[in-house]
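Please take these sequences and the hints and turn them into a complete structure.
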Amino acid sequence: MKDESGFHLSVVGMPSLRALAPQGRIRFDSQFRATTWEETTNDAGDDAAEHRVHILVAEDDPTTRMILRNMLEKAEFAVTTANDGTEAVAALRNGAFDLVLLDIQMPGMNGIDVARHVRRAAGGAKIPVIAVTSETEDDQVDAMLAVGFDGIMGKPVRRDDLIRVILAALAHAAA
Amino acid sequence: MATGNAMETIDPQILADLERDTSRDLIPELVQLYLDTAAARAGRMTAALPDADLAVIASEAHALKSSSATFGAFEVQRLSLKIENHALEGDAAAVTALMPELSRAMAAANTALRAYVDDLTE
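Line by line, the protein sequences give chains A and B. Read in order, the letters of the first sequence correspond to residues 2 to 176 in the numbering used here. Read in order, the letters of the second sequence correspond to residues 2 to 123 in the numbering used here.
No lab work stands behind these hints, which were simulated from the structure alone. What you are looking at is a predicted structure, and each value in this text was computed from that prediction instead of being measured. Using N, Cα and C, we set each Cβ at its ideal position, and we do this for glycine too. Any given hint could be a false lead.
Claimed, not checked - With the Cβ distance kept under 8 Å, some of the chain B side facing chain A (calculated, not the full set):
{"hint": "1", "residue": "22"}
{"hint": "2", "residue": "25"}
{"hint": "3", "residue": "34"}
{"hint": "4", "residue": "38"}
Listed below in structure tokens is the structure:
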């Protein structure tokens, strides 16, 4: 959705997100930076769980996977994890996800290969895909952008940065 | 808070950030998982040395570098980066020469992280 002041995304039913910002609607400026907050009514009620944003996390390192899951669940996202790229593709075949977080360097099918798979799938062009990576070389970043990543998160991941990037990507997809 | 040489091996601010971003209760489990995973990765790197399987070494060093940064184990991170780069360059001798140093850094990080957890749970 979009209004005169920029893009916004309802986060009703996500109290932890409201803790990051005081009220239930997040507003972004034209660069998708969270800027201001608007009073709104939480009308999610008992149906909140049904409306949770569902995120697929593909990360081969078990420690990082546990950290990402914890951060996302604290923000009340629904989370499915995959231990590598092959598992991620299987999860994508079997489930619907609102956003995909991908480690880049994974054994077998890497994050860029998984992103290509997402983009080729029906409806996959609109699913936000975010890289979570310690790859910082220009050519590697260029490869991520070329395949259509919506965001790139450097490791180690900080929770506020992660949530901000996710919300911006979701807002962009909803616009 | 642990003090002295142990804490000089890790960056306590990184751990404090991690604690704030996850939860205090989760830190002992995360630290144990990191230490176990790091030891396994080092084991696979050592096992790959005789055959100079540099692809395995580069991959494991990359992952060790990344997870060590998460826990503020900056010396392990630094050495893992060097080993990854040497492996990618095909320099098996340089990799081999750095492995004992990596082993010492990992032992020091292990001690420091266990001290940090002990302080948390006291």
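A quick look at each hint next to the structure:
1. At a threshold of 8 Å, the smallest CB-CB gap from residue 22 of chain B to chain A is about 4 Å, leaving the interface hint in force.
2. Taking 8 Å as the C-beta contact cut-off toward chain A, the hint placing residue 25 of chain B at the interface is violated, the least distance being around 12 Å.
3. A distance limit of 8 Å between C-beta atoms decides the matter here; for residue 34 of chain B the minimum to chain A is near 5 Å, and the interface restraint holds.
4. Taking 8 Å as the C-beta contact cut-off toward chain A, the hint placing residue 38 of chain B at the interface holds, the least distance being around 6 Å.
Going through the hint list in order, the structure does not satisfy hint 2, though it satisfies all others.
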